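Protein chains: 2
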Amino acid sequence: MSAAPAPRRYRGRSIAERQAERRAALIEAAVAVYGDVGYRNASVKAICEAAGLTERYFYESFEASDDLLAAAYREVTRRLHDEMGAAKRAAEARGQNGVKAALKMYYTRLREHPEAARVFLVEIGGVSPRVDAVVAEAIANSVALIAPAVRRRGAHELVAAGIVGGVIQIALDWIASGYARKVDEVVDAALRLCAAGER
Amino acid sequence: MSAAPAPRRYRGRSIAERQAERRAALIEAAVAVYGDVGYRNASVKAICEAAGLTERYFYESFEASDDLLAAAYREVTRRLHDEMGAAKRAAEARGQNGVKAALKMYYTRLREHPEAARVFLVEIGGVSPRVDAVVAEAIANSVALIAPAVRRRGAHELVAAGIVGGVIQIALDWIASGYARKVDEVVDAALRLCAAGER
DNA sequence: GAAAACTGACAATGCCGATTGTCACATCTT
DNA sequence: AAGATGTGACAATCGGCATTGTCAGTTTTC
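Order-wise, the sequence lines are chains B and L.
Under my numbering, the letters of the first sequence match residues 960 to 1158, in that order.
Under my numbering, the letters of the second sequence match residues 960 to 1158, in that order.
Since the hints were made in silico from the structure, they are not lab data.
Please note that the accuracy of each hint is not assured.
One copy or two, either will do: identical chains are not told apart, so a pair holds if it fits within one copy or between any two.
[As the list claims (entries may be wrong)] Using 20 Å as the maximum straight-line C-alpha spacing, the simulated SDA-like pairs for lysine to any residue come out as follows:
1. K1141 with R1110
2. K1059 with D995
3. K1141 with E1116
4. K1047 with E980
5. K1059 with E1157
6. K1141 with G1113
7. K1059 with P1088
8. K1047 with G1137
9. K1141 with R1033
10. K1059 with E976
11. K1047 with S1101
12. K1047 with G971
13. K1047 with N1000
14. K1141 with R999
Please read all numbers here as calculations on a predicted model, not as lab measurements.
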């Protein structure tokens, strides 16, 4: 019994806080470095340097390289989805098309972060089972989000998956073109796709 | 001038023929090995073994690992597109829906080669600029193929990209589900997506 | 202000696979 | 059958990076 672990503080933060900060720093740095050189060329060392930390702390927070990639993916998609949800609600409160607003937010953010978009839409595929699982889960979430609406129109649930894939492919095409189109054109194309299955 | 390079034969084949055979053997072996262990874990050595060749011949035909991946991708997609085209023409000759026939061929073949599907739809992303270019080209070809039809309906060309991406995502979802649906259901979902933009 | 815990820089180790080189054997030409 | 060329097995080299370990300096606590 006993064992008071002496919750000592350092620079004003508790152990847990410091750890969390380091972890967050690594994730931020990872996104930056991945965007710079690509995931495959991003060494643990380079990421730690960018985070202003030493390698030892990498293994404190992450088991291995792909563990960090998965965490970064989660973080990035979480933020993006939050923003899309907020945009949707805001638009609907104004009596406007919520889906359109969400899509616009999506493509706008992608446009603002081309390197990140490349990493998390393209490079992420097939890195490892662990990462694949995280990506699959995120996509499944998106699909589940729109599946009810699709069903209501009498279409198969797989159509929902198709719509999600289509929205992503439109983004990829747009990126590959060097963002040759205006955001609103892209959004309109995506909206058109979303109408799939309507009678 | 002069320099008659003595077109010596070996086992009944000319130099060029032997080289081409070895190259083809490597590509076949690559598809098999990739499917087995994934591209990232497929060593040059393992592929050569599977092809019944020695490492030396690898570098005779390919510059590097990703060069072979690109070649394998080209080969696989070429065959698939040929078959889809043939199915389309055959159906239309019978007065049936050609697009539907092509899609059915697509999903049927994917179902027959789940490992290959995984490699060439998922793992292939972000392997290297060289491979990315080949993939982008193949997708662009598919998009170009359906773009006229989409335009005719008054929709943006990006919608074509969306449709292609959707068809692929439907495949991925289907694969992830362990092929839980019948092929015809999948084809119907894809067809529904293809109708996007119709009034 | 002295001991204890925390941190950052850096070196040592270990592993894995690509790429190249060597050599004995097989198959051809004449 | 002899010499030339193609081939397959295998060893040697090489480089890169993850992962672990060491140590001096810093910030706390008491």
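So, going through the hints one by one against the coordinates:
no.: 1; hint: K1141 with R1110; in the structure: between (31 Å within a copy, 18 Å between copies)
no.: 2; hint: K1059 with D995; in the structure: neither (31 Å within a copy, 42 Å between copies)
no.: 3; hint: K1141 with E1116; in the structure: between (31 Å within a copy, 13 Å between copies)
no.: 4; hint: K1047 with E980; in the structure: neither (31 Å within a copy, 57 Å between copies)
no.: 5; hint: K1059 with E1157; in the structure: both (17 Å within a copy, 19 Å between copies)
no.: 6; hint: K1141 with G1113; in the structure: between (33 Å within a copy, 18 Å between copies)
no.: 7; hint: K1059 with P1088; in the structure: neither (34 Å within a copy, 33 Å between copies)
no.: 8; hint: K1047 with G1137; in the structure: neither (27 Å within a copy, 33 Å between copies)
no.: 9; hint: K1141 with R1033; in the structure: neither (28 Å within a copy, 32 Å between copies)
no.: 10; hint: K1059 with E976; in the structure: neither (39 Å within a copy, 57 Å between copies)
no.: 11; hint: K1047 with S1101; in the structure: within (14 Å within a copy, 33 Å between copies)
no.: 12; hint: K1047 with G971; in the structure: neither (39 Å within a copy, 69 Å between copies)
no.: 13; hint: K1047 with N1000; in the structure: neither (37 Å within a copy, 43 Å between copies)
no.: 14; hint: K1141 with R999; in the structure: neither (31 Å within a copy, 37 Å between copies)
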